[in-house]
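**Student:** Each chain is listed here by its residues.
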Amino acid sequence: MITKKVNNVHEAIQGIESNMTIMFGGFGLCGIPENTIAALVNTTISDLTCISNNAGVDDFGLGLLLQKKQIKKMISSYVGENAEFERQMLSGELEVELTPQGTLAERCRAAQAGIPAFFTPAGYGTEVAEGKEAREFNGKMHIMEEAFKADFAIVKAWKGDEAGNLIFKGTARNFNACMAGAGKITIAEVEELVPVGTLDPNQIHIPGIMVQRIFQGEKFEKRIEQRTVRVKN
Amino acid sequence: MALSKEDIAKRIAKEVKDRYFVNLGIGIPTLVANYVREDIAVEFQSENGVLGMGPFPFAGEEDADIINAGKQTITTLPGASFFDSAFSFGMIRSQKVDLTILGAMEVSENGDIANWKIPGKMVKGMGGAMDLVASAENIIVAMMHVNKAGESKILKKCTLPLTGVGCVKKVVTELAVLEVTKNGFKLLERAPGVSVEHIIASTEANLIIEGEIPEMIF
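These protein sequence lines are chains A and B, in that order.
Following UniProt numbering, the numbering of the first sequence begins with 1 at its first residue and continues without gaps.
Following UniProt numbering, the numbering of the second sequence begins with 1 at its first residue and continues without gaps.
Simulated from the structure, these hints should not be mistaken for laboratory data.
Please note that the accuracy of each hint is not assured.
[What the hints assert, rightly or not] Computed, partial: chain A to chain B, Cβ under 10 angstroms:
(1) H10
(2) Q14
(3) K73
(4) G80
(5) A83
(6) C178
[Stated by the list, open to error] Coverage of chain A stretches by chain B, computed from C-beta distances (three or more under 8 angstroms per stretch; other residues unrestricted):
(7) 22-29
(8) 101-107
(9) 116-124
(10) 167-177
(11) 224-233
Just so you know, even glycine gets a beta-carbon here, dropped at the ideal spot from N, CA and C.
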């Protein structure tokens, strides 16, 4: 067994430097690598290009890195619900590349799968298509999108083992499963790091080969963005 | 009387047929799930990675790891499944999802839709909307016919940056049900008590009106 275990979040983020491109898993605040984000907030690393579906909220998730102006550019599909983000974007302090969500996911998956580019119908005829090669397949227009190139991919899983095998829970799988292995180095923070042999190989979502560093997060707040409930009759 | 948001959702729910897989957008479309007939089999997909969505959880049973694309806490029904984002849009692009219902800021008579950006004012992003509208066969838009200033959002040509081109099939507003045809918007139904003249006056695009226009039935 090739172990991927590092002792803590500080060891996990070794080598992350200013001006790097980093992928962050999660959808909204669901399944974000909150321990690693918190550790990065406590560094002086800046000018990061962040690939993440969303940008957190003002006081949690990637919003914390935005508050400290550590992010130079965001590549995302949806950035609402974040006043500081909007302010930095409209004032020109923050560079933003908005990309359709399915395209964002596939650009991660393509990087993970060693595919340099692909064609998708999403965005054809819109400003997203500007400057991109367009081709017709089966009577329908598509645009070419390229795989991401990231220095680090940072993902969060429910359970993992020292071999780097990952299992996600619920909709926290989202971009985490697409980003694992999509950066030069993949860091996985897990809620529970279990001994090898504990996880059923049939149930592994991401095999350990995609992960270079794994650690158990110290604490998970798992904040809920929109708490919606129904009333019992 | 112009329809309430709930009534728009109720009318759209009639478009949901037996054995449909349906993706619901944020806002009015989310309400549609409340009004789908109980005697038909329908599964709701949310693009963040769940098929077989159920109602909101009871207070105290919320799970931060189980949300919909609107980031709301949800539950799952028997037979549900979770998957990653790439897989989710794979099933959307390969047209396994039968019907997409989403909101819009503007719709034009050739079926273009704009719903993600107001230059200089509001830039929230397109989320999954561009993938959904470029992929789905059947796209129904739930929207208000006019904005707060009383200006029509049903246009000859969209003025805002587009989300997709020539993709919308049907539009349900507080005033009317419109079908997008090769020749433009065809008025199919009107809200109870709303006159055809009122709909024409509220619509910048041309309307194809054939015969008596029936009132919506819920």
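**Student:** Run every hint past the structure and note whether it holds.
**Tutor:** Status of each hint after checking the structure:
no.	hint	result
1	H10	violated (25 angstroms)
2	Q14	violated (27 angstroms)
3	K73	violated (14 angstroms)
4	G80	holds (4 angstroms)
5	A83	violated (12 angstroms)
6	C178	holds (5 angstroms)
7	22-29	holds (count 3)
8	101-107	holds (count 6)
9	116-124	holds (count 5)
10	167-177	holds (count 10)
11	224-233	holds (count 9)
Going through the hint list in order, the structure does not satisfy hints 1, 2, 3, 5.
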